[in-house]
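Student: Single-letter residue listing:
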Amino acid sequence: MRPAQIVACGLLGLLAAVPAHADFEISLREGGTMIVQSYQIDGDKLVAYRPSGTVEIAFSRVVNVRDLRFDATAAPRSPAPHASAPSLPASTASSPAMLSQDDAGKRDDELTRAIILARRDLASAQYRGDGKDAIERRKAEIARLEAERATVHKVVVGR
Amino acid sequence: MTMKRGLLGDQSGMSLVFALLVVFTLLSLTVASLLATTSDLKITSNYQTGMQALLTAQSGIEHAKEAVNELGVASNCQSEIVANWSSVFGTGSQTVVGYPLLSYSVTAVADAVDPVNYMVLRSTGQAPNESLRFVDARVKIDVVFSPGAIYLPGDIVDPNFNGNKFLVDGHDTDLNGTTHPANDVPGITAHSQAGVDSVINQLSSGQVDNVIGLGGMPSVKMADGFTASQLLNQITPAILASPGVVTNPTLNGNDTFGTCNSSTTTPQITHFTGDVTVNGTLNGCGILVVDNSLTISGNANFDGLIIVKGTTVIGKNPSDTTVQGNTTIMGAVWTTDLQLTVGGSASVTYSSQALAIANTLVPGGVVKKRVKLIAWKDS
Numbered sequence: 001m002r003p004a005q006i007v008a009c010g011l012l013g014l015l016a017a018v019p020a021h022a023d024f025e026i027s028l029r030e031g032g033t034m035i036v037q038s039y040q041i042d043g044d045k046l047v048a049y050r051p052s053g054t055v056e057i058a059f060s061r062v063v064n065v066r067d068l069r070f071d072a073t074a075a076p077r078s079p080a081p082h083a084s085a086p087s088l089p090a091s092t093a094s095s096p097a098m099l100s101q102d103d104a105g106k107r108d109d110e111l112t113r114a115i116i117l118a119r120r121d122l123a124s125a126q127y128r129g130d131g132k133d134a135i136e137r138r139k140a141e142i143a144r145l146e147a148e149r150a151t152v153h154k155v156v157v158g159r
Numbered sequence: 160m161t162m163k164r165g166l167l168g169d170q171s172g173m174s175l176v177f178a179l180l181v182v183f184t185l186l187s188l189t190v191a192s193l194l195a196t197t198s199d200l201k202i203t204s205n206y207q208t209g210m211q212a213l214l215t216a217q218s219g220i221e222h223a224k225e226a227v228n229e230l231g232v233a234s235n236c237q238s239e240i241v242a243n244w245s246s247v248f249g250t251g252s253q254t255v256v257g258y259p260l261l262s263y264s265v266t267a268v269a270d271a272v273d274p275v276n277y278m279v280l281r282s283t284g285q286a287p288n289e290s291l292r293f294v295d296a297r298v299k300i301d302v303v304f305s306p307g308a309i310y311l312p313g314d315i316v317d318p319n320f321n322g323n324k325f326l327v328d329g330h331d332t333d334l335n336g337t338t339h340p341a342n343d344v345p346g347i348t349a350h351s352q353a354g355v356d357s358v359i360n361q362l363s364s365g366q367v368d369n370v371i372g373l374g375g376m377p378s379v380k381m382a383d384g385f386t387a388s389q390l391l392n393q394i395t396p397a398i399l400a401s402p403g404v405v406t407n408p409t410l411n412g413n414d415t416f417g418t419c420n421s422s423t424t425t426p427q428i429t430h431f432t433g434d435v436t437v438n439g440t441l442n443g444c445g446i447l448v449v450d451n452s453l454t455i456s457g458n459a460n461f462d463g464l465i466i467v468k469g470t471t472v473i474g475k476n477p478s479d480t481t482v483q484g485n486t487t488i489m490g491a492v493w494t495t496d497l498q499l500t501v502g503g504s505a506s507v508t509y510s511s512q513a514l515a516i517a518n519t520l521v522p523g524g525v526v527k528k529r530v531k532l533i534a535w536k537d538s
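Read top to bottom, the protein sequences are chains A and B. The numbering used here puts the first residue of the first sequence at 1, with every later residue one more than the last. The numbering used here puts the first residue of the second sequence at 160, with every later residue one more than the last.
FYI, nobody ran anything at the bench for these hints, they're computed from the structure. Don't take every hint at face value.
To be verified - Quick list of simulated restraints, FRET-style, between CB atoms:
1. B:243 x A:58: 36 to 44 angstroms
2. B:260 x A:38: 52 to 60 angstroms
3. B:407 x A:40: 32 to 40 angstroms
4. A:143 x B:225: 39 to 47 angstroms
5. A:30 x B:319: 50 to 58 angstroms
6. A:58 x B:225: 19 to 27 angstroms
7. A:56 x B:257: 49 to 57 angstroms
8. B:273 x A:150: 52 to 60 angstroms
Claimed, not checked - With the C-beta cut set under 10 angstroms, the calculated list includes, among others, these residues of chain B facing chain A:
9. 323
10. 330
11. 337
12. 462
Unchecked claim - Calculated from the model, a selection of chain A residues having no Cβ within reach of chain B, i.e. all distances over 10 angstroms:
13. 30
14. 33
15. 56
16. 103
Please read all numbers here as calculations on a predicted model, not as lab measurements. In this text, a Cβ means the ideal position worked out from N, Cα and C, and glycines have one as well.
Please work from the sequences and hints to get the whole structure.
Tutor: Quick look at the structure:
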């Protein structure tokens, strides 16, 4: 193999290793935040990848994961609540139907936790008296998560 | 030739005298140094045991404060705690576990200025060398609390957790989402160790991270809180004797039992005398008392305290996706039996703010409060 081919293979390998997400803000229950390039959920841990290395955080400490790219293009939001629902990363597969049953089970759990936290976040927003747009956005997000969970659930139960 | 020496001219013996002087000087220095060393050792030892006694006394204060906070104070430090100190903490000396030579005893003394809202915990720490140190800590009634986000006061509990669609969170969270880590409690607490074991045994490995809060995952701990008998015979009757109780309201499918938001706080005590099943939408704030079982198959948001004398069921059959009960409870649930069979999603999040709102409904309060340290003196 020529050196150029080796370099090309290496570059391809690096590209393949680049995670699907980049630039996320992780809010911790203690009040701190952390900007990471990517992350993945591994059981009860959230593994965050930063240029300086990998950080493992107990998932129970995470109150929110915000996609900064999304925020940069989205309309201005009402003040973020302290404990808001985590916006889940998109499924790694292109379609829930392509998920294996194990992956679907994990995805189902992730979505369930996200729905629970989103509902709690919605209740807090309603208590605060957030604007109608903010409330509707949260309801739409819950509906989206529930729709995905319903699809994933079909894979889980083998239908 | 004979040489004649004078008395002073004869130096024989002087060397001996000087040698003796030097020896005595060295001996004196040695003795002095030994005495100083012994004295320093004694000072160090006394300082060490003094510190041990002080730290032991401080441990006593912490222990006593925890004992008080396990029980809580409803409204009067003097009548509830000081007068019953022998049963709250005990009057005898207690040994530090693993250090048999260190012991402490603590007494509670009525506060001279405000004996209702304050009291003084007086701790005596003892260590070797007859070291004694005293610490006085002035404590004050603070925020209301529940032993856990879900508290099971029965000695025997038989919980059941179906599916993975629930979250029991003991992190103290205001209704607007602000958290207060200092007031966190365990996710689930039981009055007996058998109850704790029963809860832990019922949680599968996939459900462990669904119960979070103080003390790791699963956050399930024992609490020396009120008993089932006290819940049924003292606390609940006190709540139901309060003014404004709404008994057996008709469920129309879209019901509101009290309202709490940032601009309006009108909580309500709602009492169901039998089984109740919520199929529609329920929003509530205040206190909900159910004499038998509570089943939520619809969507419910409730802020405050829920007391269920029977079984608590959220959702019905987890495999039946048509039952999508979504329940968000902020505050606490006290129940004698617990079955989390969740079809949609369910969360119980501890909120001392929601409990404080609920507590305003009962004259004199029914939810107990913690004490917090406000002043400290050692001697």
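Student: Next step is simple, just say for each hint if it's right about the structure.
Tutor: Checked hints:
1. B:243 x A:58: 36 to 44 angstroms: 40 angstroms, holds
2. B:260 x A:38: 52 to 60 angstroms: 55 angstroms, holds
3. B:407 x A:40: 32 to 40 angstroms: With Cβ atoms ~51 angstroms apart, the hint is violated.
4. A:143 x B:225: 39 to 47 angstroms: At 46 angstroms between Cβs, range holds.
5. A:30 x B:319: 50 to 58 angstroms: Roughly 33 angstroms apart at Cβ, these two residues miss the hinted range, so it is violated.
6. A:58 x B:225: 19 to 27 angstroms: Holds, at about 25 angstroms.
7. A:56 x B:257: 49 to 57 angstroms: Between residue 56 of chain A and residue 257 of chain B, where Cβ atoms are some 33 angstroms apart, the hint is violated.
8. B:273 x A:150: 52 to 60 angstroms: 58 angstroms Cβ-Cβ, so the 52 to 60 angstroms window holds.
9. 323: Holds - the Cβ of residue 323 of chain B comes within 10 angstroms of chain A, reaching about 6 angstroms at its closest.
10. 330: Hint on residue 330 of chain B: holds, closest Cβ of chain A at ~6 angstroms, below 10 angstroms.
11. 337: Check passed: Cβ of residue 337 of chain B comes within 5 angstroms of chain A, closer than 10 angstroms.
12. 462: Since the shortest Cβ distance to chain A is 8 angstroms, the answer is holds.
13. 30: At roughly 6 angstroms from the nearest Cβ of chain B, residue 30 of chain A sits no farther out than 10 angstroms, so the non-interface label is violated.
14. 33: 14 angstroms, holds
15. 56: At roughly 14 angstroms from the nearest Cβ of chain B, residue 56 of chain A sits farther out than 10 angstroms, so the non-interface label holds.
16. 103: 15 angstroms, holds
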